[in-house]
Amino acid sequence: MNIRSGKKCFEGKGIQSKKDSTLRSKVYGVSLGPGDPELVTIKAIKVLARADKIYYPATLTRSGEVNSFALEILKMHSISETRLKSMPVAMTMPRKEVDKVYDKAFSSIMQDLENSLCIAVVCIGDAGLYSTFGHLFERLKKASVTVEMIAGVPAFVAAGASAHVPLALGSDKVLVLPDFESTDELDKCLDRYETVVVMKLSLFGEKLYSYLEKKRIGFVYAEYLGTPREFVSRSLNDLESRRIPYFSLIILFNKDQSSRNLCPEK
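Per our numbering: the sequence shown = residues 2 to 267.
These are computed hints drawn from the structure, not numbers from a lab.
Keep in mind the model is a prediction, meaning the values are calculated, not measured.
Cβ atoms here follow ideal geometry from the backbone N, Cα and C, with glycine treated the same way.
Worth double-checking, as some hints may not be accurate.
Claimed, not checked - Computed list of lysine-lysine pairs in DSSO-like fashion (alpha-carbon distance at most 27 Å, straight line):
#1 K27 x K54
#2 K76 x K97
#3 K174 x K143
As the list claims (entries may be wrong) - Okay, the calculated beta carbon distance ranges per label pair:
#4 S81 x K174: 41 to 47 Å
#5 K143 x E207: 36 to 42 Å
#6 T147 x T62: 34 to 40 Å
Kindly generate the complete structure, drawing on both the sequences and the hints.
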């Protein structure tokens, strides 16, 4: 799909029909979904079509290169790079340095609003769920800037769909964790919830295989969802010597595994 800037008006429920002062005085947090360009919503595409400037998250590598899943998705929708501005953060950056990156982006956005520009900030997954947009959301709200978030498909929802596995049935309870401090903590969560999602799985690292081997519970492991590097598995053998990247997650199931065909595969 080709997205052009600034010529057509927004259409649809919840979107202004004219690019007026209201549009120019708010910031849109636009969810891009897990990585598949086809999972970007129609509403998100309409907002991006009207934005004068689009801020996107990026990773700064040790060699100084800037990588961004968000940028790849934007390019797939033929968005002109002249409207794009990166927010590069290195994985090894101390929290204070990360804050400086978002402070700089916030200052730039405030200047854009002063210049009556329509601003969008994109993120992978959903803007309201452990997203990079959250860093700017707090700053914008403190500055009394109107923020509108455009919902998207969270990565763990896409992972369940890719594995053809329901995340919850009936009265099942679901817990979503950004990470966890110990396997004991995770065990306690599994005692209380039928489904537990861990979003930042790379912190678990080499302990993942041994933990799953011991627990013998159903799971869905996923990495690089929606990209050519996508890998989704329910097989324990697939994880025995696998290096767990940053863009990975796991869904753990602790109830009626056989009825859902969730018994761990060897």
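Structure-based check of all given hints:
no. : hint                    : in the structure
1   : K27 x K54               : 12 Å, holds
2   : K76 x K97               : 31 Å, violated
3   : K174 x K143             : 34 Å, violated
4   : S81 x K174: 41 to 47 Å  : 45 Å, holds
5   : K143 x E207: 36 to 42 Å : 40 Å, holds
6   : T147 x T62: 34 to 40 Å  : 35 Å, holds
Comparing the model with each numbered hint stated earlier shows that hints 2 and 3 do not hold.
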